[in-house]
Amino acid sequence: MSSRYSQIDPRGPRFSAAITAVLLLVAIGTALAAGTPHTLQERLVQPSFVLFVVLAALFAWGAFAGVARSPWGLLFRTLVRPRLAPPKDLEDAAAPTFAQGVGLFVVSAGLVLYLAGVPLSLEIAGSAAFIAAFLNAAFDYCLGCQLYLLLVRARIIAP
Amino acid sequence: MEPSTVLIALAALVTFAALLGVLYRVTRSRTSRVSASASVSGIELGGGATLLQFSSEVCSACAATRRVLRSVSDEHPTVVHVDVDVTSRPDLVSRFNILQTPTTLVLDSRGVAVARIGGGVRRETVVTELARALDSSPTSQN
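Protein sequences, first through last, are from chains A and B. With the numbering used here, the residue at position 5 of the first sequence is 5, and numbering never jumps. With the numbering used here, the residue at position 56 of the second sequence is 56, and numbering never jumps.
If you are wondering where the hints come from, they were derived from the structure by calculation, not from laboratory data. No experiment lies behind these values; they were computed from the predicted model shown. Even glycine gets a Cβ: it sits at the ideal position worked out from N, Cα and C. Check before you lean on any hint, since a few could be wrong.
Unchecked claim - Derived DEER-like restraints, expressed as beta-carbon distance ranges:
(1) ARG95(B) to ARG83(A): 44 to 54 Å
(2) VAL14(B) to PRO47(A): 13 to 23 Å
(3) LEU79(A) to ARG110(B): 47 to 57 Å
(4) SER88(B) to ALA116(A): 39 to 49 Å
(5) THR78(B) to VAL22(A): 25 to 35 Å
(6) ALA131(B) to PRO71(A): 43 to 53 Å
(7) VAL50(A) to ARG70(B): 43 to 53 Å
(8) ARG11(A) to LEU19(B): 21 to 31 Å
(9) VAL22(B) to ASP89(A): 23 to 33 Å
All chains should be modelled from the sequences, with the hints used to inform the complete structure.
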């Protein structure tokens, strides 16, 4: 199989997903409480907007630098993994890296629509990202296992 | 929005996600019987049966499935485990309408698919379906 990506402890991405899910929940709550202001200037300084920009940056970090080098990946490796038993098997970093890319895409779409003044765009995009992160953390659900093949078959991404 | 309404909305979101997760758990590793005449060409078949696994690069459950299938096939001398990357065999992917990885096909000795397991596999499921495939193979009936 492929070896373009490094092999990582599969519990690392789940740990990261748990933190991401909590942050998304906070961001969604902030956005719901604040609503969508009428002017662009007001929207740009909303705390919820800033939170989602930070989340998008974290997704981008994981997607481009690799999950093992993202902040939560580093935290897992230095603080959590030394306290755990060795994993049963390692996984290819490709799947969780792809998931970070999906998170970046969804949150970015929400940010663009929010800046355009579309109501509830941050809340809806954030909820979609939250569901994916929550399922990954709590149920070991692998989004890439389902999504990647559909994209390949639709020839959206080249194999 | 009022803080209490926000909390209710967030609780609803978490509940919804948890329900989706339970649904995923229930339907995971679902097995279906495949109608005959769908035989597979271009892969090396086992004399008794073949465990044909479809994997992709972007798949965290594939490694665990590979481990289970490999250990089951190691216990049966006539059973072979074949791991196929979906991008290398688009013909098989569209023929068997593979929508997720891993998907495992259990083939009898003629290369006819007799069962299909979607998602990560449970060892007991594989053992049961493999026994059926070995039974239905003409070579093992003689």
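To see whether the hints hold, each was checked on the structure:
no., hint, result
1, ARG95(B) to ARG83(A): 44 to 54 Å, "holds, 47 Å"
2, VAL14(B) to PRO47(A): 13 to 23 Å, "holds, 21 Å"
3, LEU79(A) to ARG110(B): 47 to 57 Å, "holds, 54 Å"
4, SER88(B) to ALA116(A): 39 to 49 Å, "holds, 42 Å"
5, THR78(B) to VAL22(A): 25 to 35 Å, "violated, 51 Å"
6, ALA131(B) to PRO71(A): 43 to 53 Å, "holds, 48 Å"
7, VAL50(A) to ARG70(B): 43 to 53 Å, "holds, 49 Å"
8, ARG11(A) to LEU19(B): 21 to 31 Å, "holds, 24 Å"
9, VAL22(B) to ASP89(A): 23 to 33 Å, "holds, 26 Å"
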